[in-house]
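Participant: Spelled out from the first residue to the last, the chains are:
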Amino acid sequence: MTSASGQPTAVHSGVDAQLLEVERAASRRERLAGTIQRGGALVVLVIVVLLASIIFGARFASVDNLLNILEASSFLGLVAVGMTFVIVGGGIDLSVGSLLALSAVLTAFGSQYGPVVAIVLPIAVCGFIGLANGVLIAHARMAPFIVTLATLLFARGFAFAVSNEGNTIYHVEAGNAVIALGQGSVGPFRVPILIAAAGFALAWLLLTRSRYGAAVTAIGGSEDAARLMGLPVARLKTVMYASSGLLAGLAGLLVAARSSSGQSTIGVGLELQAIAAVVIGGTLLTGGSGSVIGTLAGVLLLNVINNVINQVGTLSSYFQQVVSGVFLIVVVLIQRYLAREQRL
Amino acid sequence: MSLAEAARRPLAADRRQVFDWITERGVYVGLAVLLIFNLAFTPRFGELDNIRLQFVQVVPVAIIALGMALVIGTRGIDLSVGSVMAISSALLANYLGYGPVVAILVGLLGGAIVGIVNGVFIAYVGIQPIVATLALLVGGRGLALVIAQGRLTEVFDPTLRILGSDRIYGVPIVVLVALAVAVIVAVAVARTTFGRYVVAIGGNPEASVVAGVPVRRTLLVVYVLCAVLAALAGIIQTARLSASDPSFVGNLIELSAITAVVVGGTPLAGGRVRILGTLAGAMLMQLIGATLISHNLPDSATRMVTALIILGAVFIQRQRGGP
Numbered sequence: 000m001t002s003a004s005g006q007p008t009a010v011h012s013g014v015d016a017q018l019l020e021v022e023r024a025a026s027r028r029e030r031l032a033g034t035i036q037r038g039g040a041l042v043v044l045v046i047v048v049l050l051a052s053i054i055f056g057a058r059f060a061s062v063d064n065l066l067n068i069l070e071a072s073s074f075l076g077l078v079a080v081g082m083t084f085v086i087v088g089g090g091i092d093l094s095v096g097s098l099l100a101l102s103a104v105l106t107a108f109g110s111q112y113g114p115v116v117a118i119v120l121p122i123a124v125c126g127f128i129g130l131a132n133g134v135l136i137a138h139a140r141m142a143p144f145i146v147t148l149a150t151l152l153f154a155r156g157f158a159f160a161v162s163n164e165g166n167t168i169y170h171v172e173a174g175n176a177v178i179a180l181g182q183g184s185v186g187p188f189r190v191p192i193l194i195a196a197a198g199f200a201l202a203w204l205l206l207t208r209s210r211y212g213a214a215v216t217a218i219g220g221s222e223d224a225a226r227l228m229g230l231p232v233a234r235l236k237t238v239m240y241a242s243s244g245l246l247a248g249l250a251g252l253l254v255a256a257r258s259s260s261g262q263s264t265i266g267v268g269l270e271l272q273a274i275a276a277v278v279i280g281g282t283l284l285t286g287g288s289g290s291v292i293g294t295l296a297g298v299l300l301l302n303v304i305n306n307v308i309n310q311v312g313t314l315s316s317y318f319q320q321v322v323s324g325v326f327l328i329v330v331v332l333i334q335r336y337l338a339r340e341q342r343l
Numbered sequence: 000m001s002l003a004e005a006a007r008r009p010l011a012a013d014r015r016q017v018f019d020w021i022t023e024r025g026v027y028v029g030l031a032v033l034l035i036f037n038l039a040f041t042p043r044f045g046e047l048d049n050i051r052l053q054f055v056q057v058v059p060v061a062i063i064a065l066g067m068a069l070v071i072g073t074r075g076i077d078l079s080v081g082s083v084m085a086i087s088s089a090l091l092a093n094y095l096g097y098g099p100v101v102a103i104l105v106g107l108l109g110g111a112i113v114g115i116v117n118g119v120f121i122a123y124v125g126i127q128p129i130v131a132t133l134a135l136l137v138g139g140r141g142l143a144l145v146i147a148q149g150r151l152t153e154v155f156d157p158t159l160r161i162l163g164s165d166r167i168y169g170v171p172i173v174v175l176v177a178l179a180v181a182v183i184v185a186v187a188v189a190r191t192t193f194g195r196y197v198v199a200i201g202g203n204p205e206a207s208v209v210a211g212v213p214v215r216r217t218l219l220v221v222y223v224l225c226a227v228l229a230a231l232a233g234i235i236q237t238a239r240l241s242a243s244d245p246s247f248v249g250n251l252i253e254l255s256a257i258t259a260v261v262v263g264g265t266p267l268a269g270g271r272v273r274i275l276g277t278l279a280g281a282m283l284m285q286l287i288g289a290t291l292i293s294h295n296l297p298d299s300a301t302r303m304v305t306a307l308i309i310l311g312a313v314f315i316q317r318q319r320g321g322p
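From first to last, the protein sequence lines are chains A and B. Going by numbering that gives the first Met the number 0, the first residue of the first sequence is number 0, and it counts up by one from there. Going by numbering that gives the first Met the number 0, the first residue of the second sequence is number 0, and it counts up by one from there.
No lab work stands behind these hints: they were computed from the structure. Just so you know, not all the hints are guaranteed correct.
Unchecked claim - One-sided excerpt, in silico: chain A residues whose CB lies under 7 Å from chain B:
#, residue
1, M141
2, G156
3, L284
4, V321
5, S323
Only a predicted model underlies this, so the values are computations on that prediction, with no experimental measurement involved. For glycine and all other residues, C-beta sits at the position ideal for the given N, C-alpha and C.
Construct all of the structure, not just a fragment, from the sequences and the given hints.
Facilitator: See the structure below:
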């Protein structure tokens, strides 16, 4: 829509060398733009952390506070990892916030029957709902936005149903082994941080070094082309949504283990935070390209901003949302500008 | 093409027609079934007070869904409507000191500004609608809370009370407002150049550019309209509740509005706008909720059933494709 006007119509030059030089410059700029787009969030993250450390000193830059930020990031991080693959594959998953709540409720509910049930039940249910998302989107060819919107409603309703309309808050007993997943630590790191770190490492390997990652990227780039190349598009998309559901389930399990309880009201709007983190991380919502490292930077950035506003700064916490929104739009504008550079 | 395939073609065409018919009229059939069920099995459903209540309750979603139908008609989406409701509600409460008319105008103006921001980002900068409006969903709610300093404000104003709860010939004023909006939007879609532009852009953006449709200007107007309607819904909601609570007003209403539009037969892929269908879709979702509640189904079941109905409606629609 925007490309119709303002594009050069013809290049009036007969000199090959000149053209070549222009092309070289263009490709240099393209590479630079690509690097900035992928690494932009990381650079901004470093700058924000440095600024916060200088301005707030030890109130921000203490080991305890930084570990807090990491821990707070781990839950959103796992969800955002799943979202990264879905968005790179050209889709969207709005159901993750509700799935996280459902999983937390099921974990706490299941913990009455022992740690195995507490782990298997939420993961299985969330994986199944994710799978249903995938089947409806990939095989029945329904719009991802609407399908996952419906499962957003469904999963939240399910969470309410299990918890007696939200009136019962199940608790995980202190002796339950599940607790260790949320509250145990290895060295200075709590277990959720380690799990999220492992998730990011695995996702990075998958996206950059595996056939699955290449195939998902191809699907996001052009589904028709991917199909013509002989990729099992429907199956891959199903896997994509199923793993997003599984990861949201895992995150909910960890939240329940961390807080020793499962509340049906948590995670509202989490899907939007996850999408924001992914977009800030330089993954284009149009699909076809993306970066797990960028998503990590996006998640950390959102949490650093929250931390600065909530614990350190003097701003009212309502500004947190305003800042997040402004941040999202600024990053997207920069991306947009760079993408235009790339095309010229 | 083989002979067997050729022989099957008319049948496929028949099926296509059935699908089309269901997509076109499904929402009315659903509404009729629900009405008959309720008249038969729900005590006091047919009483005037209840009917009035259902109409009053559907007003905010219906007004927003009308704007959303235009946006979806252009192949876009607007996630910021709930936050716009919160902003206009907060502004209304803040500026009530200058009199109700000024306060209402300021509320609407707030909505228009958000709409302009949305529209500029989408039409002129070229950001995807879902991202641009997502940013305003997140940021807008925060802004509303900043304006209201995070507090619930009770709103006592005679004019607003009249707007919120008075009736003319037994019809609540808010319902009349919604009807007026519906008529205006319907006429704009069916009878004006603007309406044709909207449908053309949704049908094929590239072709509309080539055909000389002022795509950017039309998109800007569409997003501003949608936001102003959302602001109007926020004002109506505030007037009805006699309170402005920016952390709650309009939460998740974008999802209800999108559902109403899609259930009403406007495809998410754009290219057509169905006003009556949208209104029927909003009423259908309202009645589903009311039916389940009046039969003592808990909130959880209501949500799950609603989800299944959305899936069913879209499953039928999927023949038309979508983004």
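Participant: Now tell me, hint by hint, if it's right for this structure.
Facilitator: Verification of the supplied hints:
At a threshold of 7 Å, the smallest CB-CB gap from A/M141 to chain B is about 5 Å, leaving the interface hint in force. With a least beta-carbon distance of about 3 Å to chain B, the hint placing A/G156 at the interface is held under the 7 Å criterion. For A/L284, the shortest C-beta to C-beta distance to chain B is roughly 5 Å, which falls under 7 Å, so the interface hint holds. A distance limit of 7 Å between C-beta atoms decides the matter here; for A/V321 the minimum to chain B is near 4 Å, and the interface restraint holds.
Nearest Cβ of chain B to the Cβ of A/S323: about 5 Å, under the 7 Å cut. The hint holds.
Hint compliance for this structure: every hint is met.
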